[in-house]
Amino acid sequence: MAESEVDLAALYAAHHLSMVRLARLLVDDLASAEDVVQDAFLGLHRRQHQLRDPGAALGYIRQAVVNQSRSALRRRRTVRAHLRVAEPDIGPAADAELMLSEEHREVLQAVNRLPERQREVLILRFWSGLSETEIAETMGVSNGTVKSQASRAMKTLQQYLQEGRS
Amino acid sequence: MSEDLERLLRDAFEASASRVTPHDLDTDRERDLRRVLAAPLPPERTTRRSLYVATAGLAAAAMVVGAVVVTHEPDSTAQLAGEPSTSSPSNEIGLPQLPSSQSSAPRTAPATPSRTATSVGGQSRPQPTRSAATSSGPTREASVPPPTSASSITGTSRPTAEQPTVASTAAPGSVSGPLAVPSEFVAQGEMSSIPMPPDLTYVVVRRSSGYVQIRVSNAMQLTRYLDNNTALGGWPRDAGGYHSPSSTMAASVPTAVDSTSEAGLFSLFVDTTDQPTSTASPTSGSSPSAVPPGSGSGDSTATDGPGSADGVSTPGS
Chain A
1 MAESEVDLAA LYAAHHLSMV RLARLLVDDL ASAEDVVQDA FLGLHRRQHQ
51 LRDPGAALGY IRQAVVNQSR SALRRRRTVR AHLRVAEPDI GPAADAELML
101 SEEHREVLQA VNRLPERQRE VLILRFWSGL SETEIAETMG VSNGTVKSQA
151 SRAMKTLQQY LQEGRS
Chain B
1 MSEDLERLLR DAFEASASRV TPHDLDTDRE RDLRRVLAAP LPPERTTRRS
51 LYVATAGLAA AAMVVGAVVV THEPDSTAQL AGEPSTSSPS NEIGLPQLPS
101 SQSSAPRTAP ATPSRTATSV GGQSRPQPTR SAATSSGPTR EASVPPPTSA
151 SSITGTSRPT AEQPTVASTA APGSVSGPLA VPSEFVAQGE MSSIPMPPDL
201 TYVVVRRSSG YVQIRVSNAM QLTRYLDNNT ALGGWPRDAG GYHSPSSTMA
251 ASVPTAVDST SEAGLFSLFV DTTDQPTSTA SPTSGSSPSA VPPGSGSGDS
301 TATDGPGSAD GVSTPGS
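In order, the protein sequence lines correspond to chains A and B.
Anchor point for the first sequence: position 5 equals 5 in UniProt numbering, and the numbering is continuous, going up by one each time.
Anchor point for the second sequence: position 112 equals 112 in UniProt numbering, and the numbering is continuous, going up by one each time.
Isolated chain A, as found in the complex (with noise of 0.2 angstroms):
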């Protein structure tokens, strides 16, 4: 293997884990979080010569994973649009969150109800852990989109939250 090159198998015994938790979160349903870690995988494995720096691979699936759950969100809800009756509904189980405490539980399901965009930050920076500029770049959004969705996000998953409490 050429000293440029990333040693994927060893990058993906290291990361797939991770991966797929950070897909589950993103697109809440673990069948479809595989295959959006599978593609991601193979995506840099067919590319991997473009790849400049082997550093930045890690980087690379993070940002492969956030792409492939926006595009499997968006064709799932194509599919319901449009076989509502036919296709069984994808999402998860009925007792996926019966082992959440019900604080959890209430957040999860507040955070379900944001935007898209506004959900991917509040995942990459509370889950991930990443900076604005990680987010920015994983999401391919400015650092200022990145502020600006951030904090709309917690104004609006507060006023979710009073309402359910209240």
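No lab work stands behind these hints, which were simulated from the structure alone.
These numbers come from a predicted model, not from an experiment.
Among the hints, a few may not be true.
Cβ pair distances, simulated, as ranges [claimed, not checked]: (1) G59/A / L5/B: 26 to 34 angstroms; (2) R31/B / T145/A: 22 to 30 angstroms; (3) P54/A / T27/B: 26 to 34 angstroms; (4) D39/A / S50/B: 23 to 31 angstroms.
Glycine is no exception: its CB is placed at the ideal position from the N, C-alpha and C atoms.
Assemble the complex: chain A is given as a structure, and chain B must be docked to it using the hints.
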């Protein structure tokens, strides 16, 4: 409040994510994916990519070469048929264009074959120029060059379009090849030159606005050529000469200067009795005048040059 919400979000995300354990994942898919990722890229993909790069490189190189060629030779295309030459000044109508090195003395090298790209009547065929004439009378400047052997014909020189060539052994000013048409007629739609017989040489003896008179080495040869070919585009002929149906241009019938010589005179002039129409043929009674406009000598015949009794005069005389 905000810090509590952030902490709440972290805990909720962590609790939700931690429910996904390695046991929940599809192990078969995971194993297959690891094997695929560990394998190198298929060689044909790399080859195909190299092919794309090579093709793009060749296309770019071709475009660069084309741009360089166009830049360095922008006007390499041939002159359009019937298009007046922009390099010949208007006051030089009827005079053969000579290179600057040939303007003062005749060439001794074999004449180059000239090809007639355009001609009156649309006839276009290559006409190799020979520096030969059948005979010559002891006349003044318009002497006909002596005949030369056929070996003087050269076919390897670069053909020049619509440029009469200087007869190699003829007298100064004697040329062969197409005869340039006065610009007045070209402006009326006539072709820029009239093809001449290959063996014929001529000297321009007079020129003015809308008029050119040449002394040819063989009048009968030119007459046969004009009658048997479409040099003049099938112009109607009467006793006075040839009349263009589409312009005021007319041509005289080549006439021998005297009975002892084959040399003769030929003129292009304005047919004052004819109105340019596209379909009308000249009236039978119209007699073209060889008089150049403004000369005032109305009794001259078509074969006689204006202002000279024998029709032989030299430019500037």
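Going through the hints against the structure:
no.: 1; hint: G59/A / L5/B: 26 to 34 angstroms; verdict: holds, 27 angstroms
no.: 2; hint: R31/B / T145/A: 22 to 30 angstroms; verdict: violated, 40 angstroms
no.: 3; hint: P54/A / T27/B: 26 to 34 angstroms; verdict: holds, 28 angstroms
no.: 4; hint: D39/A / S50/B: 23 to 31 angstroms; verdict: holds, 26 angstroms
When each numbered hint is compared with the structure, a violation occurs for hint 2 only.
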